[in-house]
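*Asks:* Residue numbers (full-length UniProt numbering), protein chains in the order written: chain A, 1 to 535; chain B, 1 to 535.
I should point out that these hints are in silico values taken from the structure, not numbers from a laboratory.
There may be inaccurate statements among the hints.
Claimed, not checked - Okay, derived cross-link-like pairs now, SDA-like style, lysine to any residue, Cα gap no bigger than 25 Å in a straight line:
{"hint": "1", "chain 1": "A", "residue 1": "286", "chain 2": "A", "residue 2": "191"}
{"hint": "2", "chain 1": "A", "residue 1": "201", "chain 2": "B", "residue 2": "223"}
{"hint": "3", "chain 1": "A", "residue 1": "191", "chain 2": "A", "residue 2": "222"}
{"hint": "4", "chain 1": "A", "residue 1": "201", "chain 2": "B", "residue 2": "270"}
{"hint": "5", "chain 1": "B", "residue 1": "209", "chain 2": "A", "residue 2": "254"}
Keep in mind it's a predicted model, so treat the numbers as computed, not measured.
Number of protein chains: 2
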Amino acid sequence: MTNGDAGGPQGGTTRRELLSMIGAMGGAAAMYQAMTALGHAAETQFTGPPALSGARPGSSVLVLGAGLAGLLAALELSKAGYRVQVLEFQDRAGGRNYSVRGGDRIVEVGGATQTCTFAPGNYLNPGPWRIPHHHRTLLHYCKSLGVELEPFIQNNHNAFVHRGDAFGGQPQRYKELAVDFKGHISELLGKALNEGALDQKVSVEDKEKLLVALREWGLLDANMAYTSTIRVAGQRGYDIPPGGGLSPAPTPSSLNSLGGVLSSNVWTQMGFYFNYVMQTTMFQPKGGMDMIAAGFMREVGQLVRLNTRVTRIAQSDAGVTVNWTDTQTGEAGSSSADWCVCTIPPPVLSQIEMQVGSAMQNAIRAVPMNGQVKIGLEMRSRFWEDNYAIYGGHSFTDQAISLISYPNDNMFKDGPAVLLGAFANGAGAFQLAGMTPEQRIEMALEQGSVFHPAEYRREYVSGASVAWSRLPWIQGCTSRWTEASRATHYRNLCDFDGRIVLAGEHATYYGGWMEGSMLSALDAIGRLHSRALSA
Amino acid sequence: MTNGDAGGPQGGTTRRELLSMIGAMGGAAAMYQAMTALGHAAETQFTGPPALSGARPGSSVLVLGAGLAGLLAALELSKAGYRVQVLEFQDRAGGRNYSVRGGDRIVEVGGATQTCTFAPGNYLNPGPWRIPHHHRTLLHYCKSLGVELEPFIQNNHNAFVHRGDAFGGQPQRYKELAVDFKGHISELLGKALNEGALDQKVSVEDKEKLLVALREWGLLDANMAYTSTIRVAGQRGYDIPPGGGLSPAPTPSSLNSLGGVLSSNVWTQMGFYFNYVMQTTMFQPKGGMDMIAAGFMREVGQLVRLNTRVTRIAQSDAGVTVNWTDTQTGEAGSSSADWCVCTIPPPVLSQIEMQVGSAMQNAIRAVPMNGQVKIGLEMRSRFWEDNYAIYGGHSFTDQAISLISYPNDNMFKDGPAVLLGAFANGAGAFQLAGMTPEQRIEMALEQGSVFHPAEYRREYVSGASVAWSRLPWIQGCTSRWTEASRATHYRNLCDFDGRIVLAGEHATYYGGWMEGSMLSALDAIGRLHSRALSA
Numbered sequence: 001m002t003n004g005d006a007g008g009p010q011g012g013t014t015r016r017e018l019l020s021m022i023g024a025m026g027g028a029a030a031m032y033q034a035m036t037a038l039g040h041a042a043e044t045q046f047t048g049p050p051a052l053s054g055a056r057p058g059s060s061v062l063v064l065g066a067g068l069a070g071l072l073a074a075l076e077l078s079k080a081g082y083r084v085q086v087l088e089f090q091d092r093a094g095g096r097n098y099s100v101r102g103g104d105r106i107v108e109v110g111g112a113t114q115t116c117t118f119a120p121g122n123y124l125n126p127g128p129w130r131i132p133h134h135h136r137t138l139l140h141y142c143k144s145l146g147v148e149l150e151p152f153i154q155n156n157h158n159a160f161v162h163r164g165d166a167f168g169g170q171p172q173r174y175k176e177l178a179v180d181f182k183g184h185i186s187e188l189l190g191k192a193l194n195e196g197a198l199d200q201k202v203s204v205e206d207k208e209k210l211l212v213a214l215r216e217w218g219l220l221d222a223n224m225a226y227t228s229t230i231r232v233a234g235q236r237g238y239d240i241p242p243g244g245g246l247s248p249a250p251t252p253s254s255l256n257s258l259g260g261v262l263s264s265n266v267w268t269q270m271g272f273y274f275n276y277v278m279q280t281t282m283f284q285p286k287g288g289m290d291m292i293a294a295g296f297m298r299e300v301g302q303l304v305r306l307n308t309r310v311t312r313i314a315q316s317d318a319g320v321t322v323n324w325t326d327t328q329t330g331e332a333g334s335s336s337a338d339w340c341v342c343t344i345p346p347p348v349l350s351q352i353e354m355q356v357g358s359a360m361q362n363a364i365r366a367v368p369m370n371g372q373v374k375i376g377l378e379m380r381s382r383f384w385e386d387n388y389a390i391y392g393g394h395s396f397t398d399q400a401i402s403l404i405s406y407p408n409d410n411m412f413k414d415g416p417a418v419l420l421g422a423f424a425n426g427a428g429a430f431q432l433a434g435m436t437p438e439q440r441i442e443m444a445l446e447q448g449s450v451f452h453p454a455e456y457r458r459e460y461v462s463g464a465s466v467a468w469s470r471l472p473w474i475q476g477c478t479s480r481w482t483e484a485s486r487a488t489h490y491r492n493l494c495d496f497d498g499r500i501v502l503a504g505e506h507a508t509y510y511g512g513w514m515e516g517s518m519l520s521a522l523d524a525i526g527r528l529h530s531r532a533l534s535a
Numbered sequence: 001m002t003n004g005d006a007g008g009p010q011g012g013t014t015r016r017e018l019l020s021m022i023g024a025m026g027g028a029a030a031m032y033q034a035m036t037a038l039g040h041a042a043e044t045q046f047t048g049p050p051a052l053s054g055a056r057p058g059s060s061v062l063v064l065g066a067g068l069a070g071l072l073a074a075l076e077l078s079k080a081g082y083r084v085q086v087l088e089f090q091d092r093a094g095g096r097n098y099s100v101r102g103g104d105r106i107v108e109v110g111g112a113t114q115t116c117t118f119a120p121g122n123y124l125n126p127g128p129w130r131i132p133h134h135h136r137t138l139l140h141y142c143k144s145l146g147v148e149l150e151p152f153i154q155n156n157h158n159a160f161v162h163r164g165d166a167f168g169g170q171p172q173r174y175k176e177l178a179v180d181f182k183g184h185i186s187e188l189l190g191k192a193l194n195e196g197a198l199d200q201k202v203s204v205e206d207k208e209k210l211l212v213a214l215r216e217w218g219l220l221d222a223n224m225a226y227t228s229t230i231r232v233a234g235q236r237g238y239d240i241p242p243g244g245g246l247s248p249a250p251t252p253s254s255l256n257s258l259g260g261v262l263s264s265n266v267w268t269q270m271g272f273y274f275n276y277v278m279q280t281t282m283f284q285p286k287g288g289m290d291m292i293a294a295g296f297m298r299e300v301g302q303l304v305r306l307n308t309r310v311t312r313i314a315q316s317d318a319g320v321t322v323n324w325t326d327t328q329t330g331e332a333g334s335s336s337a338d339w340c341v342c343t344i345p346p347p348v349l350s351q352i353e354m355q356v357g358s359a360m361q362n363a364i365r366a367v368p369m370n371g372q373v374k375i376g377l378e379m380r381s382r383f384w385e386d387n388y389a390i391y392g393g394h395s396f397t398d399q400a401i402s403l404i405s406y407p408n409d410n411m412f413k414d415g416p417a418v419l420l421g422a423f424a425n426g427a428g429a430f431q432l433a434g435m436t437p438e439q440r441i442e443m444a445l446e447q448g449s450v451f452h453p454a455e456y457r458r459e460y461v462s463g464a465s466v467a468w469s470r471l472p473w474i475q476g477c478t479s480r481w482t483e484a485s486r487a488t489h490y491r492n493l494c495d496f497d498g499r500i501v502l503a504g505e506h507a508t509y510y511g512g513w514m515e516g517s518m519l520s521a522l523d524a525i526g527r528l529h530s531r532a533l534s535a
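Model the full assembly from the supplied sequences, consistent with the hints where possible.
*Replies:* Pasting the structure below:
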């Protein structure tokens with residue numbers, strides 16, 4: 001800390017320094033209180049890069065898996081003075097931090113193989129694809145590793161909502177349904193309030209204010225009714241929009257009935273955009289999600305041995321020994337170190353011989369993974385921009401594909417672009433994963449055509465699908481914890497077993513997000529460092 | 001039209017061709033119906049660049065004012081074969097399409113002069129600053145003129161809402177207030193429905209669906225109450241957020257009461273983001289709003305005479321003659337042409353001798369302008385990103401400054417950045433416009449500090465303010481039409497008077513937007529071309 005800095009209530013102490021100090025003195029709870037008091041939302045458990053230093057000379061760590069957890073561990077442990085080696089099964093680093101580009105091969109369990117033919121510069125992010133503004137760990141490393149970010153458009157009022165049994169199967173614009181939803185519920189609540197139905201529950205003062213709020217927010221007319229007016233058109237859109245000079249004057253649009261709006265389930269989307277992890281502002285790396293792994297690899301690439309299949313993990317009081325096979329040469333070898341950070345995903349790890357107690361063994365077997373499916377469709381032109389004024393965001397459907405999502409890179413450019421043609425979960429994902437890659441594309445084209453019937457097949461060039469449950473190196477996409485499995489197994493999964501600690505997306509309260517994986521790694525290496533110093 | 005194109009329901013006819021055809025046959029109403037049927041929202045009256053051609057050899061047009069309306073008119077009329085000259089009062093083109101940068105001088109009526117000292121690359125957009133996705137005219141010209149756009153973040157859930165009389169004057173995060181608002185009103189409406197208060201108004205089927213909707217959208221618990229749960233924290237934020245490994249488990253945050261939420265007027269912001277012209281996705285030109293004028297100037301710069309004050313506009317059956325003075329040299333001159341498109345703003349135009357009938361004269365005097373005030377504050381660092389996780393968007397207040405808005409360019413970069421420190425309307429604008437530039441900055445710093453008390457003054461480097469009512473070349477910012485003035489004067493303002501037609505932001509149903517100004521120009525030059533051909 002310096003004290004000679006210019007003005008301000010905190011003098012020369014930065015917030016980060018102050019928070020570290022409070023954290024060191026008062027523990028986590030005190031720190032979160034302080035963060036809130038300082039105007040930080042308590043948004044992440046990240047309070048800055050770890051201040052590890054002073055590793056014992058010669059101390060060493062084996063890191064298994066070069067996904068974000070492994071790469072972060074390697075970076076920070078090597079900076080702290082550890083000798084680090086990373087073993088990675090695939091021929092690339094990053095794990096689920098992954099982008100598929102023209103020339104890339106996707107090989108599935110069972111042998112189905114795709115070779116992507118997207119145009120240069122185009123890509124599909126089959127795993128993570130959007131970064132919340134409060135994922136401070138990830139954003140910290142993006143900035144410090146020089147990974148350029150661009151906005152990821154999440155809520156697009158002009159995108160579509162589709163349900164097979166609503167509006168005769170015709171997609172509706174989100175803005176129309178959402179504005180009608182708030183209009184109708186404002187009218188209904190206003191009526192209930194005015195009739196005294198809630199007088200026991202709402203004070204006279206709040207009732208007055210609430211009626212004003214409903215009239216303004218719901219765009220109600222002088223009779224507190226939701227009716228078609230130019231004011232309402234100013235939100236849901238016009239029949240004839242405003243023009244210039246002597247062109248026709250604007251006219252309002254007609255409203256959907258309450259029943260119509262409810263049949264669309266638009267409240268699902270309206271709520272979705274409020275999810276903390278989905279709230280604007282969100283980001284994506286320019287050029288593909290794997291730019292983050294590439295950033296780490298610029299720093300620690302020399303520590304990573306690719307094409308290395310771990311076959312056995314053994315430990316003693318003295319250290320950890322890992323046996324492996326080189327998947328390219330067939331060479332068998334082993335590596336040893338004082339400590340091991342293992343980030344291999346549970347479905348794969350459970351199949352590897354590993355010298356840990358039954359508590360950790362059972363925990364590893366207790367975390368199944370969901371098998372999402374994503375499909376990228378390269379289209380000849382950006383017809384969604386030119387013909388529909390849709391720039392980024394998602395059109396949702398109740399079909400297996402679940403949504404289509406419009407690209408956030410290179411808006412307004414000509415030439416081919418990759419649309420996300422499916423992001424399937426649950427039953428839809430099972431269905432798609434069970435198909436051949438060709439069948440998946442056909443289904444994506446069929447179902448996505450509901451939004452853009454004239455253009456979808458006409459503009460289609462090529463596609464690529466990633467069915468996570470069928471990828472041999474992970475066999476799933478996001479960990480599935482239940483309240484019960486968390487209570488029984490989570491601590492056992494995360495606790496050290498001798499000289500081995502697990503980290504990764506499965507070892508976190510923040511499953512399905514890169515931030516969770518990185519927070520898990522930070523926690524694990526912090527504990528590793530303490531142990532190593534006191535061992 | 002070609003018919004040999006590949007597949008698709010529309011064969012080789014593009015939507016645009018089809019729409020032009022329908023427009024030509026059936027007029028505007030038929031065209032808007034067709035647009036909607038084809039999946040176009042009727043979003044703008046723009047259906048493509050005008051197909052003017054075949055001007056009579058030697059025909060000429062004088063364009064007065066080189067704002068967007070004038071520049072567009074010049075571009076399209078010259079392409080159609082007219083000889084075009086543009087006279088512009090200022091030493092730059094663009095008009096309100098304007099960015100203030102380091103080195104720029106701002107001279108006000110009364111003499112107050114500022115010289116901006118922003119760092120290279122930084123700017124303030126004092127006029128228009130955000131482009132809706134449905135402003136197709138503007139977007140068309142941006143694309144065809146090579147003006148690069150980037151997203152403008154509008155709705156930022158993590159920005160603040162402030163009212164002096166709410167929460168003891170402490171700003172609250174938008175996400176917390178908005179999630180609480182929908183939670184409370186869902187609980188209330190659910191209660192009214194369950195008690196049968198709305199049974200006369202809602203069918204049994206809709207009631208069932210609506211209860212489901214309210215429970216899901218409002219995040220109500222099993223008793224249909226809005227209570228503090230981890231599920232609710234998944235939208236409004238946590239006290240302890242999810243972490244990794246053995247860090248503490250997440251805990252929910254406490255909720256604001258209905259009264260607290262209502263005192264914040266958060267529904268104002270919640271409604272604001274639904275305004276059609278404010279809906280995501282929005283854009284800004286990379287490098288400053290005046291990149292649009294610069295794009296036009298690359299095409300028609302040779303037609304524009306800068307520093308030219310129009311002193312008289314005369315016409316006869318044979319043509320139009322405009323007298324002018326060169327503001328740099330004092331030279332007096334005149335220019336003549338067959339036709340005149342006059343885009344000079346009403347407050348200035350009403351002071352110029354002009355040979356038109358009383359209908360147009362009265363109309364010009366019937367359009368006063370609002371005098372918004374914007375203030376740019378250059379800050380040493382992006383503390384709103386680093387310390388508050390705010391990237392773009394606005395923090396609203398009931399103080400004179402009305403809001404502060406966070407820059408959308410160069411996110412995550414180091415070094416100085418320009419925050420919009422005020423965007424004042426109405427009383428706040430009057431107050432700020434009446435101050436010296438120094439006083440305005442002081443007020444902006446004082447009032448903006450409510451959001452970022454530790455950093456605001458500490459990080460401040462320099463500021464620039466634009467009080468539109470005090471700019472001699474326009475004396476206002478956006479035209480103010482009432483229903484009454486529109487009924488009496490609008491047609492008279494837009495109709496040809498002899499060989500003179502007006503265009504610009506004032507001659508449109510879309511006041512305050514560049515799109516309106518351009519639609520007005522398109523309408524005016526379309527009518528001019530018809531007249532010229534049939535004259």
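*Asks:* Hint compliance check: list the failing hint numbers for this structure, sorted ascending.
*Replies:* Hint 1 is the one this structure does not satisfy, whereas the remaining hints hold.
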